[in-house]
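Colleague: What follows is the residue order along each chain.
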Amino acid sequence: MASKVEYTQVRKWFLVGIAAVMAGCATTGSGGGGYGLPPIPEGKGRLMLETGGINEVNYYVLDGETGEEVHSESPRMAASSPIGYETGYRSLPQFVDLDPGRYTVVVNTDIDDSVEKEIEVLMGQEMYATIPIGRFQVIFSDAQGRSQVPFLIFDYNLRTMLGRGMTSTEVRYFIMPVGEYKVRIENSPTGLDEIRPVQISMGQTQNILIGPPPSPAQPGESGGEGDAQP
Amino acid sequence: MKRKGLWGGIALCAALWVSASGAATSPLKATVIDRYGNQHQVDKFTFQGRQDLEIYVQGQRRLVELVKVDRLRFEGERSDEEQRVVLVFRNGVQEAALMVTGGSASPHQDAVGGGSSGRRFSGVTELGPFFILASDVQEIVLRHPVGEEPPEEKILQATIITMNGRRFEVENLRYHGKQRLDFFRGRNKRFIPLDKVARIDFEDGGTGDEFRPITATYWSGKTVMGTVEASLVRLSGETDKSYFERVNRAFTGVVGSSPFAIGMHDVKHIRFRQDKDEASAEGSAGDTAGDNAGNGADDTAGESQ
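Order-wise, the sequence lines are chains U and Z. For the first sequence, numbering that gives the first Met the number 0 assigns the number 0 to the initial residue and increments by one for each residue that follows. For the second sequence, numbering that gives the first Met the number 0 assigns the number 0 to the initial residue and increments by one for each residue that follows.
Note that these hints are calculated values from the structure, not bench results. It is possible that part of the hints are untrue.
[To be verified] Derived DSSO-like pairs: lysine-lysine, alpha-carbon spacing no greater than 30 Å straight-line:
no.: 1; chain 1: Z; residue 1: Lys221; chain 2: U; residue 2: Lys116
no.: 2; chain 1: U; residue 1: Lys116; chain 2: Z; residue 2: Lys177
no.: 3; chain 1: Z; residue 1: Lys177; chain 2: U; residue 2: Lys43
no.: 4; chain 1: Z; residue 1: Lys195; chain 2: U; residue 2: Lys116
no.: 5; chain 1: Z; residue 1: Lys67; chain 2: U; residue 2: Lys181
no.: 6; chain 1: U; residue 1: Lys181; chain 2: Z; residue 2: Lys195
no.: 7; chain 1: U; residue 1: Lys116; chain 2: Z; residue 2: Lys28
no.: 8; chain 1: U; residue 1: Lys43; chain 2: Z; residue 2: Lys240
no.: 9; chain 1: U; residue 1: Lys181; chain 2: Z; residue 2: Lys188
no.: 10; chain 1: U; residue 1: Lys116; chain 2: Z; residue 2: Lys43
no.: 11; chain 1: Z; residue 1: Lys188; chain 2: U; residue 2: Lys43
no.: 12; chain 1: Z; residue 1: Lys267; chain 2: U; residue 2: Lys116
no.: 13; chain 1: U; residue 1: Lys43; chain 2: Z; residue 2: Lys153
no.: 14; chain 1: U; residue 1: Lys116; chain 2: Z; residue 2: Lys67
no.: 15; chain 1: Z; residue 1: Lys177; chain 2: Z; residue 2: Lys188
no.: 16; chain 1: U; residue 1: Lys181; chain 2: Z; residue 2: Lys221
[What the hints assert, rightly or not] Residues on chain Z that point at chain U, a partial pick, calculated with CB under 8 Å:
no.: 17; residue: Arg49
no.: 18; residue: Val99
no.: 19; residue: Arg186
no.: 20; residue: Asn187
no.: 21; residue: Lys188
no.: 22; residue: Leu231
no.: 23; residue: Asp239
no.: 24; residue: Phe243
no.: 25; residue: Arg245
no.: 26; residue: Asn247
Built from N, CA and C at the ideal position, the CB exists for glycine as well.
Pulled out of the complex, with its shape left as it was, chain U reads as follows (with noise of 0.2 Å):
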């Protein structure tokens, strides 16, 4: 009788262990630590950004009836300041989960120029928006290397100056609508003024890499490794 009741006893904690145990597992998910999306809460869809593999967009969300502004995400510096630069990778895309209806997505660009997509979301799925940007990168070196050089991105023609920029000493890109446009770093103590065109297209980078061209090798500096020693 002894030993039932110490079977019962033994069979209740373990079964208090995997309960707490799965618990545990459960709040994991949801809290988004774990892998994956966390799911959609009752009663809303999710609105998913397809921004063609760009970690992090500086976007708001507007309601199609009311042109409130219902939700916001600005993790991204300005593109002039001399401070930015890429953090890190983000292995999901951003979302959002709202009411169902009808929402404009506007994703603010490193330019002027915003770039909006009317989408509706539905109740308990996930829609995507597919934001037609890409990304380039001006890697600016001197003599000291790599270094912060302010320049301006014009329209293809020349015509209309949309935005600036600052080169950065780490990994740094600049994100526009896809398209043509042209990048412009004049110096004028150094001389320096180069224009070069940017083609900008959806889920490809562009490194432009501008400085001076590399100096020839000076007789004794080549490092060869068959080079004989004095």
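Put chain Z on the given structure of chain U with help from the hints.
Modeller: What follows is chain Z alone, placed relative to chain U:
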């Protein structure tokens, strides 16, 4: 009864799927006529993956949404890098503009994945994916759903009062070619739709300030505060023309029959007029903008660009 419920569920799912797939893609359909006269019926129609066109009207850059366009005719040669285009809008308005079509230009060596110009129209035909270079197109006829109302675009009428008290009655007011004013709230960029605001007041910025605080009052009574860019500093690399346009042509429009342009640094108030107010204003001499104009002279001649 159970079967009825099942069919209802299936029908609901089908309806949801159809609406979901429709919302995720470009809804535009077009008939593209190339330079040989061939017609292509294209669905999911886009230009460079976008649903708008970059054109230049009287030298000013403007983005035109394709959903507002009825047809588009190219009047240049295939080899032209820039062609004259005639746009016929759905509301009947016709406008001539310039559009960069690429011509025989090839992308720069730095352009990753290049090999052809990116200026192309694309979509899907019955035969599969479709794209055509803009320089090969003669005409495009957008096929909008029958009975669908074209998006409304108002011709904005406003009274602009400058910092030194001059007053201008401006028609077709635009901010850098758009009917919206970009502003900053903190470091977040937002816009104010100009057709929904009654007035915008510009605070005095200090000399040399790059930003000016503004307060916009909507017709609904809502008030929005922020800052707008009003820099007079010439940036390194800016051309004379782009600098002049940026500084002195923030707001453009028409005064009488003359073009009008004014810089952001020079505006004190903007008061918009609604259509019904305009009708009633015809009878009476004063309008709402008159109260504050005070000593300002009522200039009808445009401040020339």
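Colleague: Are the hints correct? Go through all of them and say.
Modeller: Outcome of the hint check:
Between lysine 221 of chain Z and lysine 116 of chain U the CA atoms are separated by roughly 25 Å; this keeps the pair inside 30 Å, and the hint holds. Using a Cα cut-off of 30 Å, the hinted pair lysine 116 of chain U and lysine 177 of chain Z holds, with the two alpha carbons roughly 17 Å apart. Between lysine 177 of chain Z and lysine 43 of chain U the CA atoms are separated by roughly 34 Å; this puts the pair beyond 30 Å, and the hint is violated. Between lysine 195 of chain Z and lysine 116 of chain U, the direct Cα distance comes to roughly 20 Å. Compliance with the 30 Å bound is thereby established for this hinted pair.
As the CA atoms of lysine 67 of chain Z and lysine 181 of chain U are separated by approximately 28 Å, the hinted pair is consistent with the 30 Å bound. This hinted pair does not check out: lysine 181 of chain U and lysine 195 of chain Z have alpha carbons roughly 34 Å apart, beyond 30 Å. Straight-line distance between C-alpha atoms of lysine 116 of chain U and lysine 28 of chain Z comes to about 17 Å, which keeps the hinted pair within the 30 Å bound. Taking the CA atoms of lysine 43 of chain U and lysine 240 of chain Z, the gap is about 50 Å. The hint is violated against a cut of 30 Å.
Straight-line distance between C-alpha atoms of lysine 181 of chain U and lysine 188 of chain Z comes to about 23 Å, which keeps the hinted pair within the 30 Å bound. With a C-alpha separation of about 14 Å, the suggested pairing of lysine 116 of chain U with lysine 43 of chain Z holds against the 30 Å cut-off. Only pairs whose Cα atoms come within 30 Å are accepted, and lysine 188 of chain Z paired with lysine 43 of chain U is accepted, the gap being roughly 27 Å. Straight-line distance between C-alpha atoms of lysine 267 of chain Z and lysine 116 of chain U comes to about 33 Å, which puts the hinted pair past the 30 Å bound.
A threshold of 30 Å between alpha carbons decides the hint, and for lysine 43 of chain U with lysine 153 of chain Z the separation of about 35 Å lies outside it, so the pair is violated. The straight-line distance between the Cα atoms of lysine 116 of chain U and lysine 67 of chain Z is roughly 15 Å, inside the 30 Å bound, and the hint therefore holds. Between lysine 177 of chain Z and lysine 188 of chain Z the alpha-carbon distance is near 15 Å, which keeps this suggested pair within the 30 Å criterion. For the hint linking lysine 181 of chain U to lysine 221 of chain Z, the alpha-carbon distance of about 39 Å lies beyond 30 Å, and the restraint is violated.
Annotation: interface hint on arginine 49 of chain Z holds; nearest CB of chain U at approximately 5 Å, less than 8 Å. This hint holds: valine 99 of chain Z has a C-beta 6 Å from the nearest C-beta of chain U, less than the 8 Å allowed. The closest approach between the C-beta of arginine 186 of chain Z and any C-beta of chain U is roughly 6 Å, which is under the 8 Å cut-off, so the hint is satisfied. Residue-level restraint check for asparagine 187 of chain Z holds (minimum Cβ-Cβ distance to chain U is 5 Å; threshold 8 Å).
Given the 8 Å rule on beta carbons, the hint for lysine 188 of chain Z holds: about 5 Å separates it from the nearest Cβ of chain U. With a cut of 8 Å, the hint placing leucine 231 of chain Z at the interface with chain U is violated, because the nearest CB-to-CB distance is about 14 Å. Checking aspartate 239 of chain Z against chain U by beta carbon gives a least distance of about 12 Å; that is not within 8 Å, so the hint is violated. A least Cβ separation of about 11 Å between phenylalanine 243 of chain Z and chain U goes past the 8 Å threshold, and the interface hint is therefore violated.
At about 6 Å, the closest approach between the beta carbon of arginine 245 of chain Z and any beta carbon in chain U falls short of 8 Å, and the interface hint on this residue holds. Annotation: interface hint on asparagine 247 of chain Z violated; nearest CB of chain U at approximately 13 Å, more than 8 Å.
When the structure is compared with the earlier hints, violations turn up for hints 3, 6, 8, 12, 13, 16, 22, 23, 24, 26 and for no others.
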